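Heads up: the sequence lines are chains A and B, in that order. Residue 83 in the numbering used here sits at position 83 of the first sequence; the count goes up by one each step and never skips. Residue 132 in the numbering used here sits at position 132 of the second sequence; the count goes up by one each step and never skips.
Don't read these hints as lab results, they were simulated from the structure. Because the structure is a prediction, the values reported are computed rather than measured. Check before you lean on any hint, since a few could be wrong.
Said to hold, decoys possible - Some chain B residues close to chain A (C-beta under 10 angstroms, calculated; not the full set):
#, residue
1, Ala29
2, Lys35
3, Gly67
What the hints assert, rightly or not - Under the rule of at most 30 angstroms between Cα atoms (straight-line distance), these lysine-lysine pairs were calculated in the DSS-like manner:
#, chain 1, residue 1, chain 2, residue 2
4, B, Lys166, A, Lys83
5, A, Lys83, B, Lys191
6, B, Lys91, A, Lys40
7, A, Lys83, B, Lys73
Claimed, not checked - Away from chain B, derived, C-beta distances all over 10 angstroms, residues of chain A:
#, residue
8, Met16
9, Val22
10, Asp23
11, Glu27
12, Asp28
13, Phe30
14, Gly31
15, Gly58
16, Ile65
17, Pro77
18, Thr88
19, Asp89
C-beta: ideal position from N, C-alpha, C; glycine also.
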Amino acid sequence: MSKQENEDFIGLSDFMEELTEVDYYLEDRFGDQTIASHIKQVEIESPCQMHIDVDEHGHVSIGAIPPMYYISTSFMPVFHNIKVTIETDTK
Amino acid sequence: MTASNRSWNLESFLDSLIVELDKARETLAVKAINKPLTYAVKDVNLEMQLFPSFDGNNVRFITAQPGQEGASKIAIQLGSITDQQIRKTTKGPTTTDDVSIEVIEDIDADTKKELRKIGVTSVNDLDKIQKKNVDIEKISNKKVNYGKLAKLLNKARRTNNPPQIKNVNFNIGRSGTMIQVEGSNLILDKKYTPVAVVNGKLAQLQEATKDHLVIDLSKSIINEDNNELVVVSDPYTIYKVKLDLKK
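One chain only, chain B, in its complex shape (with noise of 0.2 angstroms):
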């Protein structure tokens, strides 16, 4: 069901626009197959006889009606563009590493309006906007607080890349002894110290990357059986194993 003369925000009638001149785009193309002279549209440009209103929030606009005066003008100018420049203007898609602020449901709707005016729609967006210091409260009049936001942001990122374990070994020797745990997504975000604890002592991780943990440790706290190992890689995550010696 639609209803005549309802106001309308600028994107969704983009949005009908563009269709609309691609659908004509679409048929003069097919006709091109079998007709040696065809032509296509290069340009439109609409003018359109609007009222704008301002709810707080959005700006709409309703077109005007037979015998309403006054309303202002709006002039769209849609061009061609070649699929290489509209590589070089527009944004990739977000990555499977990435996650797009949209599908996170802890931040609000006006938060993400804020966002989204600055050009940031992932948590990548806001890394990089992080490393350039760039002061996220004053560009959006205190109404985004980058350190409650990235918390947000992570926790969303660790939950779609959550850590697994693919190969744990022991390594007992005359130099010392180690575990060594091989995986991936075992440490994400580098802004951390991971701590990893055995049997309910504190370990020593040697080394730590996103698929390798070198843990060392004291041979005297290991049991033939039932050994505990306990990685805490960022305050998101926790992950515990248990190990065996036993064959």
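Extracted from the complex, chain A is given alone in its bound form (with noise of 0.2 angstroms):
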């Protein structure tokens, strides 16, 4: 797999494993109880912009980010959509 040539992006896995960083609880006290709860699942659904490479042997590299700007261009750029659902590792 080629590394991005375009240093605005990021790999595909490297977009997905920012997406996962959920891992902590969510506490509450009673008193002099505490109640933790954690996520299960979570859908995220964004656009995307993405940079697609291809090498001279055909391979593909996906690079992807969220969007940059939320400014109003005259050229708007292109915006995909990823849509990721995560849940607990129960392994």
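The two chains are supplied separately, each in an independent frame; assemble them into the complex guided by the hints.
So, in structure tokens, the structure goes:
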């Protein structure tokens, strides 16, 4: 897998790993007791910008980032859409 | 050297997408060793704005650029399946006694492509289709001729499995004279009747299997030394053995 040529983009796997950074407990206190909850499942749907590189052998490498700007411009970037479902790893 | 925004075919893109997803899953699996609470990617749904093009043989895609309108939308959904499900829905790898059509140079690229389309990737696949009397010429729009192809495939299979002789016994007795040959891959294709010739005279093959041959012959044609046995087991295989009765 070739490295992303365009520095603005990160590999799709890195992008997905970033989305799974939800491994913390939500704590709440009731008097002496603390109740902890954790997220069981998250569904993330986001527009994203993609950069697809093709090398001389036809191998493809996929780069992705969330939209860089939310400002309306005369030439709007192309927004693709990514939806990732992550859930607690029960293994 | 990579070039941005070049067109790509769907197979290469999916390969890369699966590698990326696997990479993310592997990282999370490593993280799970140290952290009790970790997450796994269950599914990924990617919707992209693309322009497809067709060059007469292949469909290729190019991502839409800023300002371009009228792009097609392609949605790819990757879910998780278990290794058991993979085994159920995927063909096993080509076995050692089989030959993959990809490695046969005599078959042209178009024929290989047509065969792949109908799920034929090896010689055994083609045999299965033939047994079910499928009209392969009709399915492939007359691009694949079964007879011609079967010859090429059988030839390739024979090249991969050459005959090997381990032992030859002369059996000279009152009831008759015979030569017994033991080995492997002696006869592979049952469609052909093998022929045996001893010292230039046609001999009768009483038994002919993959690892055993029994040849009946008249005692008078055997010499003391310099006997020659020739076996034609199929159109691509002839083997010749020099036999000497002297010890």
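Problem - Non-conforming hints, listed in increasing numerical order - result: 4, 5, 6, 8, 9, 10, 15, 17, 18 and 19
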